[in-house]
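Q: Numbering (the working numbering), first residue to last: 15 to 250.
It should be emphasised that the hints constitute simulated quantities derived from the structure, not laboratory data. A hint or two may mislead.
As the list claims (entries may be wrong) - Simulated pairs of lysine-lysine, BS3-like, Cα-Cα distance not exceeding 27 Å:
#	residue 1	residue 2
1	229	239
2	46	228
3	65	46
4	127	46
5	229	46
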Amino acid sequence: MLNFIIILLSLIMLTKVFSAPPTQAPPLAPAKAYIMALQWPVTVCLVKQCKEKKTPPPESFKLHGLWPCAPDWDSSVENCPGPDFSGSALKDIRGDLLTYWPSLLEPENQFWKHEWLVHGTCSGLPLEHYFADGVRLTQLNARPILSALSKSGIKPGDVTATATATPIAIRDAIANNFGVHPKLACAYNNNMYLLKEIHLCLDQNYKFEDCPDKKWLKNCGPPTKEGQTKIRLPSN
15 MLNFIIILLS
25 LIMLTKVFSA
35 PPTQAPPLAP
45 AKAYIMALQW
55 PVTVCLVKQC
65 KEKKTPPPES
75 FKLHGLWPCA
85 PDWDSSVENC
95 PGPDFSGSAL
105 KDIRGDLLTY
115 WPSLLEPENQ
125 FWKHEWLVHG
135 TCSGLPLEHY
145 FADGVRLTQL
155 NARPILSALS
165 KSGIKPGDVT
175 ATATATPIAI
185 RDAIANNFGV
195 HPKLACAYNN
205 NMYLLKEIHL
215 CLDQNYKFED
225 CPDKKWLKNC
235 GPPTKEGQTK
245 IRLPSN
C-alpha cells in the first residue's frame, strides 16, 4: 500500500511539473549606444544593382540602419531574442519609412525584417518604436548633414569630375556643424573612392557623441594615406 501511495504522489508531482506554464524570458534591457548609419544612395547604386532601375537614386542621405552597439561604439550587438518582424505593425509609418529608410536593393519588407531581426531586437524597444525612432532621427539629421558638407564646398558631382574632398575634410565639415566626429565608409568603383556611408555615434538617449578615432575609416583609401585620399560624393 505504501509503495502505491509513493507512486501515486510521484505521478501527481510529474503532472504538475509538465503542466506548469513556461516561464517568460525577462525583457531585454535598452541598448547602451547606437550607430546611426546614413547611406548615399547614388554610391550604393553605382556599386550594386539597385532594384529601381528606371528612377535615379535620390541625392540625399537615407537611413541604412540604427544599430545597437557597445558603449565604446566599437563592436555591434546583434541577433538578440525578440518578437518576429511584422510588416503590418508598420502600416502607420510605412510612407515615412519609404522616404527616410527605404530599401535600395531588395523588397522593403525583406530589408526591414533583416534590420529588425539583426539589430532592432537588441534595442529593447517595441518594433514600432524602433522604426519610428529611426525615421525621426533621419528626418532631423539627414538634410543638415548634406547642408554641412555643402557649406564646406563638398557637393554631389559627376564621378568624372575632379575629386572634391578628403575623408578628413568631410569629417571636419560634420564636426564643425554637429560638434562630433563621425565614421565614414567608402566604396571603390572604377578606380575611384566614393563616399558610401556616414556613421554617427549616439548614446542610449540618441545624443550625439564623438565616434572613436580607432577604425573611423572603412575602405576610403590606402592605409598608408588614411584620411588623405581624394574621394567623391557622386551625383546621377
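Q: Give a verdict on every hint.
A: Okay, the hints, checked on the actual structure:
1. 229 with 239: holds, 14 Å
2. 46 with 228: Answer holds: residue 46 to residue 228 is near 19 Å, not above 27 Å.
3. 65 with 46: Violated, at roughly 34 Å.
4. 127 with 46: holds, 22 Å
5. 229 with 46: At roughly 20 Å apart (the allowed maximum being 27 Å), residue 46 and residue 229 satisfy the hint.
Against the hints set out earlier in the document, a violation occurs for number 3 only.
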